[in-house]
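For reference, the chains in residue letters:
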Amino acid sequence: MNHFGLSRRNALRFLASAPLLSAGALRAGTAEEFAAGLARDRRLLAFATPRAREVAAPLRTVAGRLPAELTGTLWRNGPAEHDRFGHRYGHWFDGDGMLQAFTFDGTGVTHRGRILDTPKRRRETQAGRRVLPAFGTVPPDPDAIRRPDDMNAANTSALAHGERLLALWEGGSALEVDPETLATRGFVRWRDDLAGLPFGAHPKRERDGTVWNIGVVINPRPMLLLYRIGPAGTLDGFGHLPVDPLGMVHDFVVTERRLVALLPPFVVEPERFASGHTSFLDAHAWRPELGTRALVFDKDTLAPVGRHALPAGFHFHHGNGWEERDGTIHLDVCQAPDPQFVLRDLRAPMHGEWRFPSVHPGYRRVALRPDGAALIDDAAPGVTEFPRIDPRRVGLRHRRVFVLHGPGPTESGPATWVLQRIASLDPDGGVVEHWSYPPHQLPEEHVFVPRGPAEGDGWLLGPFLDVARREGGLHVFDARRLADGPLWEGTLPYPMPLGLHGTFVAG
Amino acid sequence: MFPRPLTWILSTGVLLCTAAGHGADLEVELRGIHSSEGQALVAIHRRTQGGDFPSDASVVANASAPAATEAVVVVFRGLPPGEYAVAAFHDANGDGELNANFVGMPTEGYGFSNDARGFMGPPPFHDAAFSLGADAGTTRLVVNVAGAEPAR
Chain A
1 MNHFGLSRRN ALRFLASAPL LSAGALRAGT AEEFAAGLAR DRRLLAFATP
51 RAREVAAPLR TVAGRLPAEL TGTLWRNGPA EHDRFGHRYG HWFDGDGMLQ
101 AFTFDGTGVT HRGRILDTPK RRRETQAGRR VLPAFGTVPP DPDAIRRPDD
151 MNAANTSALA HGERLLALWE GGSALEVDPE TLATRGFVRW RDDLAGLPFG
201 AHPKRERDGT VWNIGVVINP RPMLLLYRIG PAGTLDGFGH LPVDPLGMVH
251 DFVVTERRLV ALLPPFVVEP ERFASGHTSF LDAHAWRPEL GTRALVFDKD
301 TLAPVGRHAL PAGFHFHHGN GWEERDGTIH LDVCQAPDPQ FVLRDLRAPM
351 HGEWRFPSVH PGYRRVALRP DGAALIDDAA PGVTEFPRID PRRVGLRHRR
401 VFVLHGPGPT ESGPATWVLQ RIASLDPDGG VVEHWSYPPH QLPEEHVFVP
451 RGPAEGDGWL LGPFLDVARR EGGLHVFDAR RLADGPLWEG TLPYPMPLGL
501 HGTFVAG
Chain B
508 MFPRPLTWIL STGVLLCTAA GHGADLEVEL RGIHSSEGQA LVAIHRRTQG
558 GDFPSDASVV ANASAPAATE AVVVVFRGLP PGEYAVAAFH DANGDGELNA
608 NFVGMPTEGY GFSNDARGFM GPPPFHDAAF SLGADAGTTR LVVNVAGAEP
658 AR
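Residue numbers (this note's numbering), protein chains in the order written: chain A, 1 to 507; chain B, 508 to 659.
So here's chain A without its partners, still in its complex pose (with noise of 0.2 Å):
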């Protein structure tokens, strides 16, 4: 019997407390201001929205021959329509997703691309303007935020998983893709209680085909996720864990049976959520004196059996866990000492402006021993993102690491892009080889793809944008031979912007 009085309390307590809203200290860009950057530094095209919403085009080759046994789909995710309406986003993570294929068949590359048609842009489509608030910045006059899809951009990261083709953004559900069409089919629902909820953008798969996820709920109270998502692409188990303070937890590593995650003490302020006119991660506050807190997960019961304290430091990506057989676990992270990087340098280029002084993260090793004893060293010298493995290890000890790398800003002048070289690393021994991109080529995350039955057998697939010739790319490593360069370069006839993450899926 309902009354519609609304009287779940409890259901209502939700309504406005999606990821937050900002108009205040940090501003839009201007299409303006962009464009003026733009004519001083032809690099910034890396961050120019493009010029058609779809965009299909077979990859001319520039050089070498493509592997005739590579074959299926490199599917790439990443922020993409930054300007709409007038309007552009005040930082790199705001835009609108666009979901992009490249397929090899064999013998060439074909691409395909589209600015993803979430319920957030058909909302502004039919406004007429921008009107939800994004990441990193909130829009004018901005409309209610009932739920955190609302804001969905679906513009980090894609999974092909049991089936099916999902676009992942971090704060909200997997937005489910026609992997024909690239069409939106809707959001996933993994089981009804848990409709609209946090499903990461870094989901690890193991060798038996287990998906494993997290996601961070804020409000209304903060809460970290865990999803187990079985082969055939349906739950198999979930639980949660309030923490608080909390904030973005963007990445997590598996072990054979455990799950950690590694949480920045960089933490959503409820008051500044709630004014209503902070972006989400404007709402963030660095309190190093909480340091980076690591919470360690049984797989089977998805329960906390462990905590460890680590220094302070700010991250997005690890590259890999495993576990000794005393119990004590292993994983790399890419980490900075603190969050000035994301708030400052990836809002730059948005303005027009090509400077990345901050400190950047470097390559890290963490150990989480039973006793509770928590040890990180450096292990490898410069600027250090996007790691991949061969995703045979995920889980088990890893001796490889794919990175994008840098010196560092202090070697290599505020003028430099951060990431300049795709390179080859071992986490005990550093930098293995590497090979640097030449300067009007800026490389996003290389994904490795298995060949021969070894650890770190098999080709790197990396998207670049070539900012002399204006047109996007594709070049194919062999992933134990960086050093000689690509075996193949293709480019298409359009430049893309610099994304963010992606998947292979073979066939």
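Just so you know, the hints here were simulated from the structure itself, not pulled from any lab data.
Just so you know, these numbers come straight off a predicted model, no measurement behind them.
Every residue gets a Cβ at the ideal spot worked out from N, C-alpha and C, and that includes glycine.
Keep in mind that the hints are not guaranteed to be accurate.
As the list claims (entries may be wrong) - Stretches of chain A that chain B covers, calculated by requiring three or more beta carbons in the stretch to come under 8 Å of a beta carbon on chain B: (1) 188 to 201; (2) 285 to 295.
Claimed, not checked - Pulled from the structure, derived: some chain B residues nowhere near chain A, Cβ distances all over 10 Å: (3) P588; (4) T646; (5) V649.
Take the given structure of chain A and dock chain B to it, following the hints.
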């Protein structure tokens, strides 16, 4: 252009209204319903002593109509003069409840008059409130029943 709204005239909602002919009629137009599954539920509320809103105590009338993606109009007749607020939701699965996920976030579309919203809870009554005068004739207001409803 919107298609012509579908209209249901619902026999009076219950009400405090005794003096027939002295009340106002209220047309509530619901917009933004995502599918034609289930029903749209609308409730008229008044201010309560305890300030509870929306609550059992604040409801003075309610009505339902089949859900539709076109605008749905629900008409209340003979409301006595006073201050009211409207709450509505899309009961997509027809269970009569505003469903929520396990953290308490509504998973069905809902909305209030004046497009009022609260933070971490429903809006305060006064944000959603509007007045109906005596013999005010017919008043029409729009409630956006919005929600990016998880689909699959």
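Cross-check of the supplied hints:
1. With a threshold of 8 Å between beta carbons, the proposed coverage of the region 188 to 201 of chain A by chain B holds, since 8 of its residues qualify and at least three are required.
2. Chain B is given as covering the region 285 to 295 of chain A, and this is violated because 0 residues of the stretch bring a CB closer than 8 Å to a CB of that chain, at least three being needed.
3. Under the 10 Å C-beta cut-off, the non-interface status given to P588 of chain B relative to chain A holds; the minimum distance is some 22 Å.
4. Every beta carbon of chain A lies more than 10 Å from that of T646 of chain B, the smallest distance being close to 19 Å; the non-interface claim holds.
5. With a least CB separation of 14 Å from chain A, V649 of chain B remains clear of the 10 Å interface cut-off, as annotated.
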